[in-house]
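Participant: Chains as they are written, first to last, in this note's numbering: chain B, 1 to 313; chain X, 1 to 313.
Fair warning: there could be bad hints in the mix.
Since the list gives no way to pick one copy over another, a pair counts as held whenever it fits inside one copy or between any two copies.
Said to hold, decoys possible - No more than 30 angstroms apart at the CA atoms, straight line, and that leaves these computed lysine-lysine pairs for DSS-like:
{"no.": "1", "residue 1": "151", "residue 2": "97"}
{"no.": "2", "residue 1": "85", "residue 2": "276"}
{"no.": "3", "residue 1": "199", "residue 2": "55"}
{"no.": "4", "residue 1": "291", "residue 2": "97"}
{"no.": "5", "residue 1": "59", "residue 2": "199"}
{"no.": "6", "residue 1": "291", "residue 2": "85"}
{"no.": "7", "residue 1": "63", "residue 2": "4"}
{"no.": "8", "residue 1": "85", "residue 2": "281"}
{"no.": "9", "residue 1": "276", "residue 2": "97"}
{"no.": "10", "residue 1": "232", "residue 2": "291"}
{"no.": "11", "residue 1": "4", "residue 2": "276"}
{"no.": "12", "residue 1": "181", "residue 2": "63"}
I should point out that these hints are in silico values taken from the structure, not numbers from a laboratory.
There are 2 protein chains.
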Amino acid sequence: MMSKYVFGVDIGGTTVKLGLFDVDGTLIDKWEIPTRKENKGENILPDVAKSIQEKMQDKDIAKDNVSGVGIGVPGPVDNEGIIHKAANLGWGEFSIKDTLEAIIDMPVMAGNDANVAALGEMWKGGAQGYDDVVMVTLGTGVGGGIIVNGKVINGSTGAGGEIGHIHVNDDETDTCGCGNKGCLEQYSSATGITRIGNKILASSSKSSVLRDQEVSAKSVFDAVKAGDELAKEVADVYGKYLGDALAQIACVVNPEVICIGGGVSKAGEVVIDYVKPHYVKNVFHGSRDTKFALATLGNDAGIYGAAKLVLGR
Amino acid sequence: MMSKYVFGVDIGGTTVKLGLFDVDGTLIDKWEIPTRKENKGENILPDVAKSIQEKMQDKDIAKDNVSGVGIGVPGPVDNEGIIHKAANLGWGEFSIKDTLEAIIDMPVMAGNDANVAALGEMWKGGAQGYDDVVMVTLGTGVGGGIIVNGKVINGSTGAGGEIGHIHVNDDETDTCGCGNKGCLEQYSSATGITRIGNKILASSSKSSVLRDQEVSAKSVFDAVKAGDELAKEVADVYGKYLGDALAQIACVVNPEVICIGGGVSKAGEVVIDYVKPHYVKNVFHGSRDTKFALATLGNDAGIYGAAKLVLGR
Numbered sequence: 001m002m003s004k005y006v007f008g009v010d011i012g013g014t015t016v017k018l019g020l021f022d023v024d025g026t027l028i029d030k031w032e033i034p035t036r037k038e039n040k041g042e043n044i045l046p047d048v049a050k051s052i053q054e055k056m057q058d059k060d061i062a063k064d065n066v067s068g069v070g071i072g073v074p075g076p077v078d079n080e081g082i083i084h085k086a087a088n089l090g091w092g093e094f095s096i097k098d099t100l101e102a103i104i105d106m107p108v109m110a111g112n113d114a115n116v117a118a119l120g121e122m123w124k125g126g127a128q129g130y131d132d133v134v135m136v137t138l139g140t141g142v143g144g145g146i147i148v149n150g151k152v153i154n155g156s157t158g159a160g161g162e163i164g165h166i167h168v169n170d171d172e173t174d175t176c177g178c179g180n181k182g183c184l185e186q187y188s189s190a191t192g193i194t195r196i197g198n199k200i201l202a203s204s205s206k207s208s209v210l211r212d213q214e215v216s217a218k219s220v221f222d223a224v225k226a227g228d229e230l231a232k233e234v235a236d237v238y239g240k241y242l243g244d245a246l247a248q249i250a251c252v253v254n255p256e257v258i259c260i261g262g263g264v265s266k267a268g269e270v271v272i273d274y275v276k277p278h279y280v281k282n283v284f285h286g287s288r289d290t291k292f293a294l295a296t297l298g299n300d301a302g303i304y305g306a307a308k309l310v311l312g313r
Numbered sequence: 001m002m003s004k005y006v007f008g009v010d011i012g013g014t015t016v017k018l019g020l021f022d023v024d025g026t027l028i029d030k031w032e033i034p035t036r037k038e039n040k041g042e043n044i045l046p047d048v049a050k051s052i053q054e055k056m057q058d059k060d061i062a063k064d065n066v067s068g069v070g071i072g073v074p075g076p077v078d079n080e081g082i083i084h085k086a087a088n089l090g091w092g093e094f095s096i097k098d099t100l101e102a103i104i105d106m107p108v109m110a111g112n113d114a115n116v117a118a119l120g121e122m123w124k125g126g127a128q129g130y131d132d133v134v135m136v137t138l139g140t141g142v143g144g145g146i147i148v149n150g151k152v153i154n155g156s157t158g159a160g161g162e163i164g165h166i167h168v169n170d171d172e173t174d175t176c177g178c179g180n181k182g183c184l185e186q187y188s189s190a191t192g193i194t195r196i197g198n199k200i201l202a203s204s205s206k207s208s209v210l211r212d213q214e215v216s217a218k219s220v221f222d223a224v225k226a227g228d229e230l231a232k233e234v235a236d237v238y239g240k241y242l243g244d245a246l247a248q249i250a251c252v253v254n255p256e257v258i259c260i261g262g263g264v265s266k267a268g269e270v271v272i273d274y275v276k277p278h279y280v281k282n283v284f285h286g287s288r289d290t291k292f293a294l295a296t297l298g299n300d301a302g303i304y305g306a307a308k309l310v311l312g313r
């Protein structure tokens, strides 16, 4: 009998998102549980297992009707499903796959959350219909997921697609969360846009609506849409570094589509408009026609992608 | 019956290199034929077929004892074995795989020459024993081959691994062969090192042994080894841009090893020594322990990799 269902799980620092899908990718039910981080996060996977088992009882779903459980976690996960460290959860190095399979007695696949979200957007979101995808998630940081021939690049130590830490500026004096200076994330994340906005406001005497409100990625792009010249300068720093980095990435993997998601992307097409000219200027001609798309699954990308991880290509 | 043999073919602008291997990767015989580029290169594949058939007769090898023919070409080749354009050979867009299979009646696999060379170094050269490899070929240009989980990234239009055209310098005024300005190849290829050497010689009054001879990648690295300060400046430009670009690539694919080959690499470990500090400074910590190795197969990397293309993982 073919399985009918699959579970997708997205573990965050505060809540765990869970989704029940049919194998065609229709989201049947979604819910959340708290992430219990105490005692080095030892309860997190048992809590996930319990919540899934309860849902199966509720819905009267038998185990052999489930393809398995996919799971995205905030940290580097290698091809064998081993997490190398997830500081946010208190986790060290262990096999997520083996651990959860032992509790839940169903096939488990694990991946990095940003990589898994990329898979979700490829399956049912902004990158649907493509096999070679670069996904950029612009949130507090800049996350990435690189998909080649329908498969995520996890990397040899689980650090594939760490595009937020591509070095883009030799002259930076502030330090990135990773310890380096001049990472993409320092310019093109929500935090980065705020940082650059405040810097430009402080060093310029230009009038701007941003002087009368809190600077954020949202207020910057709202001001851009209202024609604010100073906000456009901020957006251009965001777009230059992101466009340059995407051009570099395209010289490596030559994608069909670049999909932009995360909180910053809620500003809409403007987040592409400021990136694309820089991309086109610097990219190798073989990648010049790469499409740009906005992500469409929002916070659900993780559960979709986790489910897809189980189903494979 | 298991096949015993496989052919690897590397098509260059002047000569075609051919190799007969056993399926374990022992090179049994290698030879060359001229590349006949006239009439849009229409004779090239028939010449290859004829040469292979003659070799099989000579060696008394039956067709069902051959796994197939792998072939590397100087141009973008996609996953289906379609070449998109090979200006050097006079070729437009067509299926190399289908065309050669129709003539030779054996399985054919085709790939870009730099990508195929990377596969060769992974199989039997400097990157032997690894699955996740970034190969850089420093010749007239800078070529690249990116291997993830043992498979080359060809890219959606065959432009995967075009790392010589990663944009590394916004201030460049000279134009690269590709039409852009500030490509890696303008600094770290043999041609690039010569260009930078001549620029630094012209703008500096420092004494240097390079003032008494023709500037080339070889003379620059020879001078570096002899302690020449000006030559060290040239090598540092080479190393900075290559190290920066490799750090960016590592944030995308997180390789186990970076393998440096091509004519420039004949200078030996010094070509790594000038790159690694820049790499380590800028790369994400998850890729900081990536190994560096020199390529070992020289001009044979292409035929080895072409043979491996047929054999698969």
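Participant: Take the hints in turn and mark each one as holding or not.
Facilitator: Hint check results:
1. Both within a single protomer and between protomers do residue 151 and residue 97 lie at most 30 angstroms apart by alpha-carbon distance, with minima of 18 angstroms and 24 angstroms respectively.
2. In this homomeric assembly, residue 85 and residue 276 come within 30 angstroms of each other (Cα to Cα) only across copies, at 26 angstroms, whereas the closest approach inside a single copy is 35 angstroms.
3. In this assembly of identical chains, residue 199 and residue 55 lie within 30 angstroms of each other by CA distance neither inside one copy nor across copies; the values are 49 angstroms within and 70 angstroms between.
4. In this assembly of identical chains, the alpha carbons of residue 291 and residue 97 lie at most 30 angstroms apart only when taken from different copies (28 angstroms versus 35 angstroms within one copy).
5. Taking the closest pair of Cα atoms, residue 59 and residue 199 never come within 30 angstroms of each other, the shortest separation being 54 angstroms inside a single copy and 73 angstroms across copies.
6. In this assembly of identical chains, residue 291 and residue 85 lie within 30 angstroms of each other by CA distance solely across copies; the values are 21 angstroms between and 34 angstroms within a copy.
7. When the C-alpha separation of residue 63 and residue 4 is checked against a cutoff of 30 angstroms, the pair qualifies only within one copy, where the shortest distance is 10 angstroms, while the shortest distance between copies is 46 angstroms.
8. When the C-alpha separation of residue 85 and residue 281 is checked against a cutoff of 30 angstroms, the pair qualifies only between copies, where the shortest distance is 22 angstroms, while the shortest distance within a copy is 38 angstroms.
9. When the C-alpha separation of residue 276 and residue 97 is checked against a cutoff of 30 angstroms, the pair qualifies neither within a copy, at 39 angstroms, nor between copies, at 35 angstroms.
10. When the C-alpha separation of residue 232 and residue 291 is checked against a cutoff of 30 angstroms, the pair qualifies only within one copy, where the shortest distance is 23 angstroms, while the shortest distance between copies is 42 angstroms.
11. In this homomeric assembly, residue 4 and residue 276 never come within 30 angstroms of each other (Cα to Cα): the closest approach is 41 angstroms inside a single copy and 51 angstroms across copies.
12. In this assembly of identical chains, the alpha carbons of residue 181 and residue 63 never lie at most 30 angstroms apart, being 49 angstroms within a copy and 58 angstroms across copies at closest.
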